[in-house]
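J.: Residue numbers (our numbering), protein chains in the order written: chain P, 1 to 228; chain C, 1 to 228; chain X, 1 to 228; chain D, 1 to 228; chain U, 1 to 228; chain Z, 1 to 228.
The hints are all genuine.
List of simulated lysine-lysine pairs, PhoX-like, C-alpha gap at most 25 Å: (1) Z:Lys-192 with Z:Lys-27; (2) P:Lys-42 with P:Lys-111; (3) P:Lys-27 with P:Lys-192; (4) C:Lys-27 with D:Lys-27; (5) P:Lys-27 with U:Lys-27; (6) X:Lys-27 with Z:Lys-27; (7) Z:Lys-42 with D:Lys-42; (8) P:Lys-42 with C:Lys-42.
Hint data in this document are derived by calculation from the structure and do not stem from the laboratory.
Protein chains: 6
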Amino acid sequence: MMPAEDAALFESLRRVATASLAGVMFKMGLTNQWVRGPMPIKPEFPRIVGRAFTLRFIPLREGVPGAMIKKLPVNRDAVECMPAGCVAIADSRGTMDAATFGDIVVARLAKRGVTGIVTDGAVRDLHGLLAIGLPIWTSGITAPPPATRMLLAGWQQPIGCGGVAVFPDDLVVADADGVVVVPSGLAAEVAKRGLDQERLDAWQMEQVARGVALSELAPLPKQPESIS
Amino acid sequence: MMPAEDAALFESLRRVATASLAGVMFKMGLTNQWVRGPMPIKPEFPRIVGRAFTLRFIPLREGVPGAMIKKLPVNRDAVECMPAGCVAIADSRGTMDAATFGDIVVARLAKRGVTGIVTDGAVRDLHGLLAIGLPIWTSGITAPPPATRMLLAGWQQPIGCGGVAVFPDDLVVADADGVVVVPSGLAAEVAKRGLDQERLDAWQMEQVARGVALSELAPLPKQPESIS
Amino acid sequence: MMPAEDAALFESLRRVATASLAGVMFKMGLTNQWVRGPMPIKPEFPRIVGRAFTLRFIPLREGVPGAMIKKLPVNRDAVECMPAGCVAIADSRGTMDAATFGDIVVARLAKRGVTGIVTDGAVRDLHGLLAIGLPIWTSGITAPPPATRMLLAGWQQPIGCGGVAVFPDDLVVADADGVVVVPSGLAAEVAKRGLDQERLDAWQMEQVARGVALSELAPLPKQPESIS
Amino acid sequence: MMPAEDAALFESLRRVATASLAGVMFKMGLTNQWVRGPMPIKPEFPRIVGRAFTLRFIPLREGVPGAMIKKLPVNRDAVECMPAGCVAIADSRGTMDAATFGDIVVARLAKRGVTGIVTDGAVRDLHGLLAIGLPIWTSGITAPPPATRMLLAGWQQPIGCGGVAVFPDDLVVADADGVVVVPSGLAAEVAKRGLDQERLDAWQMEQVARGVALSELAPLPKQPESIS
Amino acid sequence: MMPAEDAALFESLRRVATASLAGVMFKMGLTNQWVRGPMPIKPEFPRIVGRAFTLRFIPLREGVPGAMIKKLPVNRDAVECMPAGCVAIADSRGTMDAATFGDIVVARLAKRGVTGIVTDGAVRDLHGLLAIGLPIWTSGITAPPPATRMLLAGWQQPIGCGGVAVFPDDLVVADADGVVVVPSGLAAEVAKRGLDQERLDAWQMEQVARGVALSELAPLPKQPESIS
Amino acid sequence: MMPAEDAALFESLRRVATASLAGVMFKMGLTNQWVRGPMPIKPEFPRIVGRAFTLRFIPLREGVPGAMIKKLPVNRDAVECMPAGCVAIADSRGTMDAATFGDIVVARLAKRGVTGIVTDGAVRDLHGLLAIGLPIWTSGITAPPPATRMLLAGWQQPIGCGGVAVFPDDLVVADADGVVVVPSGLAAEVAKRGLDQERLDAWQMEQVARGVALSELAPLPKQPESIS
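Extracted from the complex, chain P is given alone in its bound form:
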């Protein structure tokens, strides 16, 4: 079960758009937290929040010699290690010629209570995935299975995904604008600032709806704190 602190943090983050998170993290000096490429396979997915469970893939080596293959992890073992509530996020090195995830693995991940899936590669069995309904962000759709182009090299290591560093237990937030990664140690602060930003945006939208010009919106007449 999720610790209470996490539950509150997740609840806050679920109320903040990735657009706002990217903005507030940039102001905090985190300039590279938006994952390039992955988009939801269905734009109607709700916003998801979860701790990163990282997967690291490398290109295919045919005939991996015996000694090495024993040292290499196996995809199904990684799957069975994922805790409920995590987001499986894969460093697929932008591989579009083979799927990182297919319907059978995704069905199992859904059973295990995984919150969502992110890959900078591709997925397959699109209709099957939509039927399962687990939220998935991917850079493309493809037919060939993973074993035709890639090997799992490890999990819960620091990875790169879509040009962004992801450490195990970072917070992954994903919605219709894509995926952002929130560093674990800064997540509470990011969530707080994100909520402030959402309030500010809501106030601005309201002003715009009344016909106020953008030039009159800034500098702001009130601090966002005093708006709510």
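Chain P is fixed; fit chains C, X, D, U and Z onto it per the hints.
T.: Then chains C, X, D, U and Z, alone, in the frame of chain P:
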């Protein structure tokens, strides 16, 4: 209010597909009028027509020294200069890591009566944009705000957008096949030829529906003028 | 009319996902059969199967001298050569600046009973194409007509499409995961193995639905043959 | 032996830079004659001129069934068909993962009196190629042999190379600025205009050397014809 | 003549590698000052330093209507505006299909005392350019002239070049590692820190030459200031 | 000191071109052993052979929280772990905006007796690197230091480099045609077949020099074994 001449021109152009406009302009010697990249965020948008209001962005420079920043334009000033009926078209240099437009600016543009938005970069707040409903053509969706990657360098200057030159007051026409730019001085001629092309296409479709082979369609038995 | 043997083969292939076909062909030593790029213009298209009718395009040459132009084929002649039940598959060299197919040609292809269309380039007249309803897989949508950027160089020759060799009469299978090419001489074997794979996948999905872990699924308790 | 007419044409073209040829062809309405990608493996090669001998490659198909393989041409047969004085120009589809030409084939081409080689793919055995000395324009250097990624599909067909249409017997001219293709039927006119352009450029360079401003160079005080 | 202050600044910057400048600017919060793409046409060029004279190009528009063409600047006018000692730096939008600079313009720029040329596009007349000897950084070599693909839209405006913002009078420094842009207002501080970095690097190289391990080099036993 | 077995293996591999190694490995079923991108910074480097010492980089994360940074390796520690005779090969994820290696680290690697360096990213301090003389294969040259864009995530792990899987202790062979990776367990067999291939190539070259047509070279009149 729009001059009567413009109203007639716009009315004509709204009846001509970008596919037909690209074809007739090519025959007139205009070989580079289709904007590479931007597609509608919702394919059901109606065809739009408007005069180009150009925006020019350059990459981010942190710490722009004081003297220069005063010379630089500000996004909100550009927004408040746009006349009703224009199409805001941005030279975003293909930047996908930050949005050129987000929901607050788009809401204001809608209020001002802008007809549509085109960028060869990205937009953010997808659900918000869809709710506003202003027609938008973009090369991608992203989360980070403009200020994280780009600066507005000017507006109503000649720009490049998706590999095409755009001059202020060019006609921008956009539909489900993308965006074409019609030079202002040639727009009346382009519209006339475009309508002819539409009539010809309609006649061809009718012939095909009757089972006529393509080889019998050309050379054409009648001039398109005599068909209508 | 289709020979009985073909009818049975097509019927089998229509029951096998491209994802499964890509997997079984890889195991048979065919490592490069998934066409990179083309995706369906509507994900709800049914899976299609047909013999490849290949089209080969080259870049535009203005002012092709008279002698040569007579040797060059003409698009409409190619169209009128296509038999019912084939899949028109075009080597468009990834050209996105001009459409390989537009609504008039597609309407005629539908009339001729063509099963579907694949291009590693682009198509135009999106709304028209959706209205016709013929299944189309393409790498993009564009406005300019073919003649602005490309020439038809021949048909029913070996081509490359999306990085894959396609020979006339290869089997083309396409669904929501994209397009695979099945060599004609191996198609019966591929279909048989594909059906086995489908049975295995169905059994695995069933096990997963019951909560079985992936690590218990492999090695498989039963051969797929004994499952059905 | 080369016909006298060709000898004079070749002699003229060897005196015209590809930069000038690209310029004069553009003015003649040929907008797409510069081959994107291929550069000389040694910038000191002299300018070469020759009739195009086209080669067409497609991606690898493993296990091409017997019936088809007999219909496919073989690389060595193509080589033995090339006449002295031609330029071998290959449609390699931008393949960088395997070489289109290696040192043994190139040594044989040199023996046969071929003038030069152009590929929009890659070559291998760089040191060997430099030792042979036959002028080569390529988009890259690689190690794997052709058979690992590509099949020869035919020769002396119309092809695309680096985004340009090439017909058999087109004139290929290559120098340190790359490769241009001159349509056979227009070559005499292109050569004549090219020589005029060279004379004009020489006159302009002379004026610049004397310190004349560019704004005083145009409009030109004299016609280039009267300069020589 | 150059002001004394500039002379000292330029002298300092000429002693600092672009590698060091990129490093010290990053530490000062300037994260995007290295120009992606342009490399010297001859690696032996000395390091150059000069104030940016910016040029802005847009894609070609055929048949620019009369009224507009009068508003458009002309290339030769821009050339004749460049002061001695500047670096001409062009926003060529990555255009490789046409040259931004050719030998006649470059010869004139050399006559005017321009220090060097940078483009994120291409140049032509390679042998001529090497003969002139003016230092040039470019993303490629090509044959077609500028007028085939681009229009000059203005000069001494803020531009983007290789993904970097360049303002008129920024300092441009270029050497074998490429091109960096130093904001005018920060140049004195950047030069000072750059010289410190060079002293530190020299000390480290000396230590390494003596066989000291990298792990013993840091933290540094002495401040770089105390080394010189 | 190197074991005697390794010395003989290395000696054999140094006599086999990467072009031959890529060919023989492909025939053995290893289809993906040529590293895309890295080329020598000086084509005259001798062929190098060494055991892979892998380095793995991920994108920059600013403000890595304290707890994590302690778990992260440090570049200088990796350097000091490299044994004499190895080839340092870096998974730089194609990063061109920052150098993976600069002159100080390379000077230290040369001191430690490292045989060569391979990166699918970039290097900086080009003149310094050439002066040191250690053979380097890289995808580009850049100015910014590593810390501006990347973090070292580990060493002696399985990595991907230029689209190829590299395991610690794989054999890395590099020459003017680029870099190939030879699996450790298959290296003796690959070396043997490579030497056979070299003998066959030498025989073919000799035949070509005598004027034999390629069509007469195959099928071969003699086995390569009987040639030497």
